[in-house]
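S.K.: Protein chains in written order, with this note's numbering: chain A, 1 to 444; chain B, 1 to 317.
Bear in mind the hints are in silico, worked out from the structure with no lab data behind them.
Warning: the hint list may mix true and false statements.
What the hints assert, rightly or not - Straight line, CA to CA, 25 Å or less: simulated DMTMM-like cross-link-like pairs of lysine to aspartate or glutamate:
#1 A:K204 to A:D163
#2 B:K202 to A:D115
#3 A:K182 to A:D115
#4 A:K288 to B:D299
#5 B:K202 to A:D429
#6 A:K204 to A:E123
#7 A:K182 to A:D232
#8 A:K106 to A:D155
#9 A:K182 to A:D163
#10 A:K106 to A:E123
#11 B:K202 to B:E251
#12 A:K288 to B:E15
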Amino acid sequence: MSAVDTIDIDAVRARYPDVFAPQARRRLIPLAVVVAIIGYVAYAMWFFAIPQTLYTANWQRAGLYLAQWISYDIQVELRLRDGAVRVVWPRYSQLGSNPDPSWVTKAADGSVAVDVTGSGRLEASATTVTLRRGSETAVFDISGETPVAIGPVPDWVSVSEGDVEIDWGFWGRGEFDTDRIKLAKREPGWANFLFDTRSPFFGKSPAEVVSLIVAGPRLDPDRSNLSLALDDIWNNAEWQHGDVWTKLLQTIVMAFAGTLLAALVAFPLSFLAARNITHSWPLNQLLKRFFDFQRSIDMLIWALFFTRAFGPGPLAGTAAIFFTDTGTLGKLYAEALENIDDKPREGLHSVGAPAIAVQRFGVVPQILPVFASQALYFWESNARSATIIGAVGAGGIGLKLWEAMRTNTNWANVFYMVILILIMVYVFDAISNALRQRLIGSRI
Amino acid sequence: MSRTTEPALSPKGLELDRRWRALAAQRRLYTILILLGVGGALVASLRYANETNAGDFFERLPHFFDFTSWLIPRDWNDVWRALFDVATPSADGTEATNYPLGRVYLFGDVYLPEYFELMLVTLNIALVSTLVGVLGGVSLCFLAARNTMTNAWMRGFARRVAEIMRAFPEIVIAGFFAAILSIGPIAAIFAVGIHTIGALGKLFYEVVENIDMGANEGLSAVGANWFEKVRFGTLPLILPNLVSYSLLRLEINVRASTIIGAVGGGGIGQELKLAISRGFGAKTLALVLILFVTIVIVDNLSAHLRRRLVGEQAFGL
């Protein structure tokens, strides 16, 4: 190999200036693209008022809501009236209708102590409230019109307009005035996930529940403890397992039936749309434009129309997926057909096989794995889409998810449904990948 | 066709023939069983969908074309008037015909019709979230690809992050950010953008894994640092595919941001949901028209660019 030195390079450059000249202009293209993108981002910032929105956003709520995904508050109230302290639980407390937890203790003199967190404690008598957090203590006199601090007030207690707020950190909060003390104790996990407070199994440890089911006396004389337990879980009022799982099944059914029907309809249509199979330009074009039409009318529009036509429910979602995907699959199938190897068909033609046999033995074996693999891919992606179009009324878990989020109080339920959806997506992903790998080998 | 007598087979040949027939019969049996299973599942699914639906399929089917009664406007010109916010002679003071109310005045008498403004919002949501997705996806892909990240733990972590972002339901992200930022397009950008990061991250790292490492090795040999290797050894090889996938994603995101709009993200989806659920015929047609035209334009523009960038291979699955 002969070496090229700078003199040669300069000579070549001088001889072919055109080859090297456009380089300068080409070098500007990336710069122009970057400038355009930065310009667009600036425009978008202004268009959506992104800085203001992010600035005025309530980021504290983000932490609070995220905490509610995996923990819950137990509320308790202490009412101070007529010189006595009374413990009042909310009507639908997670602790059942008659709670008596060990962290609330009543002393002989009528005062009540609540261990809100490990180191945080509140003691209330008719006249004074004592707050503790670790080694720090604050005492309030509540016998007057407003609470009055006796001694210094630590920074985790804030007093404003006759109302005292206490911050025990992540695991506990509280506030009080002279007639009531509201406390919230945070517990990790999900409250009453299996049995709600109405169930006879409520409040029992897993071992107790198992032994009751296996060998315990019948709690309900009409049926076994197992069926009672399952029924109580299924109809849990707080978590609505039955409803959630039914809605999830609807979503799965929508994706499955919609995609399969679309594949079944797109299969014959694609033979008519492929120009190498059906030699009719008008028919090819008509079908291809029809596929484009179905695809371009968004799944959302179909979902809204079918929700009006069939009423809200999975039928509307199935029909929406079916309509959109007939277009998408039809287009993909027709393209696959146009790229097949023509030799098997020619061979079958040459031995005088009837038209249907030419397609059956000359075309189908080539494209069936590809068709099935594409249908599987869309089945998997539709399971995701079905969640979203459900929120506009087309059935499935989407609406339930949306309603749970709207009140901003059910984030644990939202997380439960999210986990179920994630599991569904992963399982479908795995099934679809495994089947596709078997069908078309490694070229996915 | 004349039938020739079959030549006699040797005992070994007979055995082979028998086995082949048995295998073929077994195969046919499996095919039939699978078809029966899938068919049964389909019938069961459809029955289940029908039973849990608010209206029964066969009861509602005769009413299927009822929508024409509200969808077909009395005056077809109303579709244009609704689209361009021009006052209609058939205005009756209701929301169904108050076209000029939606005008967005830019300056003086020059206005942007409401639906163009809403379409612009949706398109911008799609564009911004695609940009967010591309930035996130590019950052993830080098961490997740086997040839650019040798640490298996880091690689696995990056891949799991991409998977969770991809599979996490968009509607929950939208709802969560709507609760923090108040309902509107920014929640939609977060929702679509986070999903796009996951989706593009996965596609991008597959692209990176399939590149020829020769250029990178050459750069290593002359002492290039990590950045120079990515800039001169990897980027030129992956850029066409990256741009192609991003354009494909933009097409998907235009649809996704319409749908997210319908569940509270603003933009044209919300207006469309309102128009269909209240039965505003001319408005619905105008919205479907503008959405249809926009999607066709975006799809074709993106297809044209992708074809120029990477040729026909951009049109596989």
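S.K.: None of the hints should be skipped; say for each whether it holds.
M.R.: Hint-by-hint comparison with the structure:
1. A:K204 to A:D163: 38 Å, violated
2. B:K202 to A:D115: 49 Å, violated
3. A:K182 to A:D115: Judged against 25 Å, a Cα distance of about 13 Å means the pair holds.
4. A:K288 to B:D299: Holds - the C-alpha atoms of D299 of chain B and K288 of chain A are around 15 Å apart, at most 25 Å.
5. B:K202 to A:D429: With a Cα-Cα distance of about 13 Å, the restraint between K202 of chain B and D429 of chain A holds, given a limit of 25 Å.
6. A:K204 to A:E123: Not satisfied, since the Cα-Cα distance of roughly 29 Å exceeds 25 Å.
7. A:K182 to A:D232: Status violated; Cα separation ~31 Å.
8. A:K106 to A:D155: 28 Å, violated
9. A:K182 to A:D163: 11 Å, holds
10. A:K106 to A:E123: 10 Å, holds
11. B:K202 to B:E251: Holds, because 18 Å separates the two Cα atoms, which is no more than 25 Å.
12. A:K288 to B:E15: 51 Å, violated
Hints 1, 2, 6, 7, 8, 12 from the list above are not met by this structure, while the remaining hints are.
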